[in-house]
Amino acid sequence: MTEYQNQLKLQSHLDGELSEAEASEVVSLLARDPEAVALLAELRQTSEALVGFEDGIRLPESRDFFWSKIQREIEGQHSPAPERTSPVPWSARLRRLLMPATGFAVVALLALVVTRETGSGPAQSSVETSLADSGALVYHDFSARATFVWLAYPADDEFSEEDEGAGFE
Amino acid sequence: MRCKLFPTATLLWHIAVVGSLGASVSKAQGADLKFQVQLVWATDDSRPPTGKDYKPVEGGIKSQLRALKWKNYFEVKRIDFTLAAGSQKRVAISEKCELNVRDLSGSNVEVILFGRGKEVARVKQALPKGEILVPGGNAPNETAWLAIVKRVD
Amino acid sequence: MTELDHSSAEDPALVRAAQSGEMAAFEELVARHRDKIYARAYSMMRNEEQALDLSQEAWVKGWQRLAQFQGESSFGTWMTRIVINLCLDQLRKHKRQRTESIEEMSEESGGVERQMPVVTPNPTAGLERGELRQRIDRALGQLSHEHRTVLVLHEFEELEYKEIAKVMGCSIGTVMSRLFYARRKMAGLLSDLKKENWK
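Residue numbers (my numbering), protein chains in the order written: chain B, 1214 to 1382; chain V, 145 to 297; chain Y, 7 to 205.
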């Protein structure tokens, strides 16, 4: 049987992952080793058999039903319009009480205070992430007020300070 | 009753209100922000590893981690630090992992997670008091590590 | 401003409309790509219910992250990556509960994929498309999560080795071994299935 490294090279050749030099090595191997030719044919057949496999898979729910679930979820979890409920009663009361210019200034100042102190503002629904780890996931548990950034790479003993093993990179 | 105030007194009162609000805003804007990072070990084991005296995380935090499926969470390390408004700080949570926390405007923060010096993830979001941001990942033996970032004050 | 005709609009126009908060535009995008997203989830998870849940979750995430979509790839590709990441995350959670690991399995198999006789002639030749699909479906279901994921990412998502390695958090060498094992195992399974059919 063709040795394992050569078997992997045959596969890489099929997948177009070899450099020009390596590809010519594989061509030479194929010229002298009928087993290699047969193996390459098998790998190719398997690959070709899979073409279009997913095209036949259909979501087993109607458009409306599937969408209604998504819509419900979106509306339940996500509030596109930032909630600015807390300043409103204050500003409304103050506007009625104070002269327009003074009232305006108070509203602006209150908005600053509230944004700084409670965080209710546009940013609450806007989270920006940039993940060098493409397998990472960001999950917001709105009810628990928690955002999880789950990294793809196992962080072996990341919590252990004395450990020298592999960490996520 | 408000409507019975004299115009001059009303004006003076307005000035006093705006002045005191302005002072409190300027104090809030310039005040230092207190953050806490907890390095947590998530496990189904009921006890920390032998020889370690990790304490279980408090109930409030555990409840905020309910989206995760581990039974127990032990605090490995806790780091408290203060940020001046608009500044940033890089804290080492383990030998290989660091967090850079930067105060943005409002209650927004930018948290950059570094693994062995390389940036792994960058998150910008509001982190008001009471909310937590949890970078984490799987660890051996079906456990996980979490770095819980929260604003203390 | 003229109103966008959703059914005839191109994806980029629908994406822009959805980014500005128009949910009807997003609904049209869901309708267009939902089979593809579900199919990818199904290929990876091999479970209809999980695939439905994950594809639904992917669409919700897609909406939440829509502002981040800058059009570097097609919208369909972007959504596919979201569902793949969700599936990978789910599979990792499952892995925590499984006793076998890929390493243990490889040890047990003793590198059997290297020794397997080559399958000739092509076991899938002459099969009707529907029949072939069923056989592939069954064969895919017999692969481990890790092997199937590599196969799906390579054959269906058309990712290069290094991209798969990055997504799965393993080395390129591991990707090559897993892909080789998965293909050889598939060839063997398809061949067995054909033999079964002859009985």
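Heads up, a few of these hints could be off.
To be verified - Per the computed footprint, the stretches of chain Y lying under chain B, defined by three or more beta-carbons under 8 angstroms from a beta-carbon of chain B, are:
1. 9–15
2. 177–189
To be verified - Once the Cα atoms are required to be at most 30 angstroms apart in a straight line, the calculated BS3-like pairs of lysine-lysine come out as:
3. V:Lys262 with Y:Lys168
4. Y:Lys99 with V:Lys199
5. Y:Lys168 with V:Lys268
6. Y:Lys99 with Y:Lys172
7. V:Lys206 with V:Lys233
8. B:Lys1282 with Y:Lys42
9. V:Lys268 with V:Lys233
10. Y:Lys172 with V:Lys199
These are calculated hints, taken from the structure and not from any lab test. Yeah, the Cβ is synthetic: ideal placement off N, Cα and C, and Gly gets one too.
Verification of the supplied hints:
1. 9–15: Not satisfied, violated; 0 residues make the cut.
2. 177–189: Coverage by chain B holds for the region 177–189 of chain Y (5 residues, Cβ < 8 angstroms).
3. V:Lys262 with Y:Lys168: holds (19 angstroms)
4. Y:Lys99 with V:Lys199: The given pair, whose Cα atoms are some 25 angstroms apart, holds under the 30 angstroms limit.
5. Y:Lys168 with V:Lys268: Roughly 28 angstroms separates the two Cα atoms, so the pair holds.
6. Y:Lys99 with Y:Lys172: holds (18 angstroms)
7. V:Lys206 with V:Lys233: This hinted pair holds, its Cα atoms lying about 26 angstroms apart.
8. B:Lys1282 with Y:Lys42: Holds - the C-alpha atoms of Y:Lys42 and B:Lys1282 are around 18 angstroms apart, at most 30 angstroms.
9. V:Lys268 with V:Lys233: This hinted pair holds, its Cα atoms lying about 15 angstroms apart.
10. Y:Lys172 with V:Lys199: violated (35 angstroms)
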